[in-house]
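Protein chains: 2
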Amino acid sequence: MNLRIPGPTPLPPDVLLAVGQQMINHRGAAFERLFGEVSAWLKLFFETEQEVYVLTSSGTGAMEASIANTLSPGDRVLAVSCGSFGDRYDEIARAYRADVTSLKFALGQAADPEVIARAVREQGPFQAVILTHNETSTGVLNDVQAIAAAIRAAADPAPLIMVDSISGLGGVRLQMDAWGVDAVITGSQKAWMAPPGLAMIALSQRAWQAYETAQNPRYYFDLGLARRYLARHQTPSTPALPALYGLHASLRRMAEEGVEAIAARHRALAAHCRQRALDLGLGLYAQEGRYSPTVTALTLPDGVKPNDVLKALVAQYDIHAGSSKDPRVGVIRIGHMGHCSIADLDAVFAALAELLSGEISAASR
Amino acid sequence: MNLRIPGPTPLPPDVLLAVGQQMINHRGAAFERLFGEVSAWLKLFFETEQEVYVLTSSGTGAMEASIANTLSPGDRVLAVSCGSFGDRYDEIARAYRADVTSLKFALGQAADPEVIARAVREQGPFQAVILTHNETSTGVLNDVQAIAAAIRAAADPAPLIMVDSISGLGGVRLQMDAWGVDAVITGSQKAWMAPPGLAMIALSQRAWQAYETAQNPRYYFDLGLARRYLARHQTPSTPALPALYGLHASLRRMAEEGVEAIAARHRALAAHCRQRALDLGLGLYAQEGRYSPTVTALTLPDGVKPNDVLKALVAQYDIHAGSSKDPRVGVIRIGHMGHCSIADLDAVFAALAELLSGEISAASR
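These protein sequence lines are chains A and B, in that order.
Take -19 as the starting number for the first sequence in my numbering and just add one per residue.
Take -19 as the starting number for the second sequence in my numbering and just add one per residue.
One should not assume that every hint holds.
Copies of one chain are not kept apart here, so a pair can be met inside one copy or by any two copies together.
Said to hold, decoys possible - Below are the SDA-like pairs computed for lysine to any residue, each with C-alpha atoms no more than 25 Å apart in a straight line: (1) 84 <-> 56; (2) 285 <-> 196; (3) 291 <-> 244; (4) 84 <-> 238; (5) 291 <-> 188; (6) 291 <-> 337; (7) 291 <-> 202; (8) 285 <-> 238; (9) 285 <-> 11; (10) 285 <-> 134; (11) 291 <-> 126; (12) 285 <-> 56; (13) 291 <-> 134; (14) 285 <-> 195; (15) 84 <-> 251; (16) 84 <-> 333; (17) 285 <-> 20; (18) 285 <-> 133; (19) 285 <-> 258; (20) 23 <-> 280; (21) 291 <-> 2; (22) 23 <-> 291; (23) 285 <-> 245; (24) 84 <-> 27; (25) 23 <-> 324; (26) 84 <-> 324.
Read the hints as simulated data drawn from the structure, not as lab findings.
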């Protein structure tokens, strides 16, 4: 199987072996050693001095945690979106009764720092700006560094800047401390090469100050509770051990490879993917210059239906690519995050070349 | 290792093998087959016609889901507790701004149906009564059937009856439909012999009616969203696949063994555990007649510290038993849920016999 959806991603052999280990006491010494190492390694990739909390949930749970821990009902939030996952963050803020101003960019386009800054200046003050780093649904990478700088230049005090980097971090750099990001969120099943089941989140000191007065209800996702338990290298509730075993093994590999080396490898994989697509006559859905290093959204020749291609890839090649998250976006999505090689991508394009030379239309008739 | 904490529990070999399988597309056909089987098998053990929802979280997350999906701020809740996990449910309801009346029974005692009924009659009306089925911290099994009947006899309409059976269900019967329970919650890492990472919850039709008007914020734990996705055998967010692979393998075994056969086996294991404890001169912490079939809390001879015994069991025998959850409860806890044999328990008591014949006091000096 060539699993090329944008998460869950395939596990390297050593990670898979780690996942299959027997259960242990999550209040015992072996667990505390493992969790202590995971926490230390995560700080390298979040590029932060803050602690990183590991939650047993999907990334969506950590998005909710960022809202539940820092905001109160009625707080004004600017929700920046350029796709399905930006819309999801917006919906979560609304579910918690924030007073949300939606700022939506066209699908396939990146969020524009200057447009965001203008909204902050003219429609603020906001308690928080929430946005997506890597919009998985369209294959767009937002320039979080420029966005954060523009927001800070537009308001003093600046709103909290909270970033969903679920499908970015681990494959794309996000310098939380240097860029002044207040909440960073990611998920184990993306660039981290670990199974789904864990979300990771870090808060800045400013976000922790907001925690002290935030009135949203929280218990399972209470990061204050997570902070108390992390001090002894534990979690408040029983964590998803197999995913944690996997994350521990993958972080060991990742720490050896290094933050910038991994990011460079992802940029190279993405460039290769785009070139192969263009060679085949396919289109790139994302705005030029804002291509995601971890997932590429491809448009198909006129008359070829994405679902027909996806089904044929599974049936004839055991290649699993991603469908569109959004019915308005007619693409197939190729994940190249985490454990992915040039050869994995070449196999996808060899199959696409065969299919597009006439096979698909035959299969779908 | 002899893992005898009351969860996570050891995985049988076939379950462990299943856990270590490669990732798949959680929006693909293989996943939908697997998840469809898991859902069908869970209904057998919940003894309900309702759908059972699988959440990626610990059991605590599903406790929160029961509150978030059925209640509104200010709703009156009777929180029945006879230990740490009953207290936790109480705290979650308070975190969501319910108007909570706490009804606490002495540690080691079971919740008394008549006392609960009186509270419902005299201090009601309540929107919900929340309680624990199997109080893991003290080794007490509450009589949910009698409690539910007493509540219904005490108020019309009856409050919602919501039960944390995290460490019970799968090893202890809870006839959700026949007993008229409105929310049942459990966790994969207990009697289900699967890894931690998944919680399971079912709601009655009455609870689903409450969902329609409940105002508490919810997104990640929104069971309405889970219901829409379950219709196509999927989950709203990416689920903890290794735990789900494990749960699928364990449920296959469990469905073959049968609901009552499994419950009988747990009763026999618990009876054996108690007899061996009494033979050794140890005490049973729980009220006579309300012993848990899945976990036994043992009191030690005067002057012997639980933590010394637990440390010596690990260091000298690689036996991992549970500490007290509550500083007021001086016990060690022996889990015998899920994958546990008479021989596993005998090994614990052989070690305890050696330790208590003088070794511990030497070790702790």
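Hints the structure fails to honour
When the structure is compared with the hints, numbers 2, 3, 4, 5, 7, 8, 10, 11, 12, 13, 14, 15, 16, 17, 18, 20, 22, 23, 24, 25 and 26 turn out to be violated.
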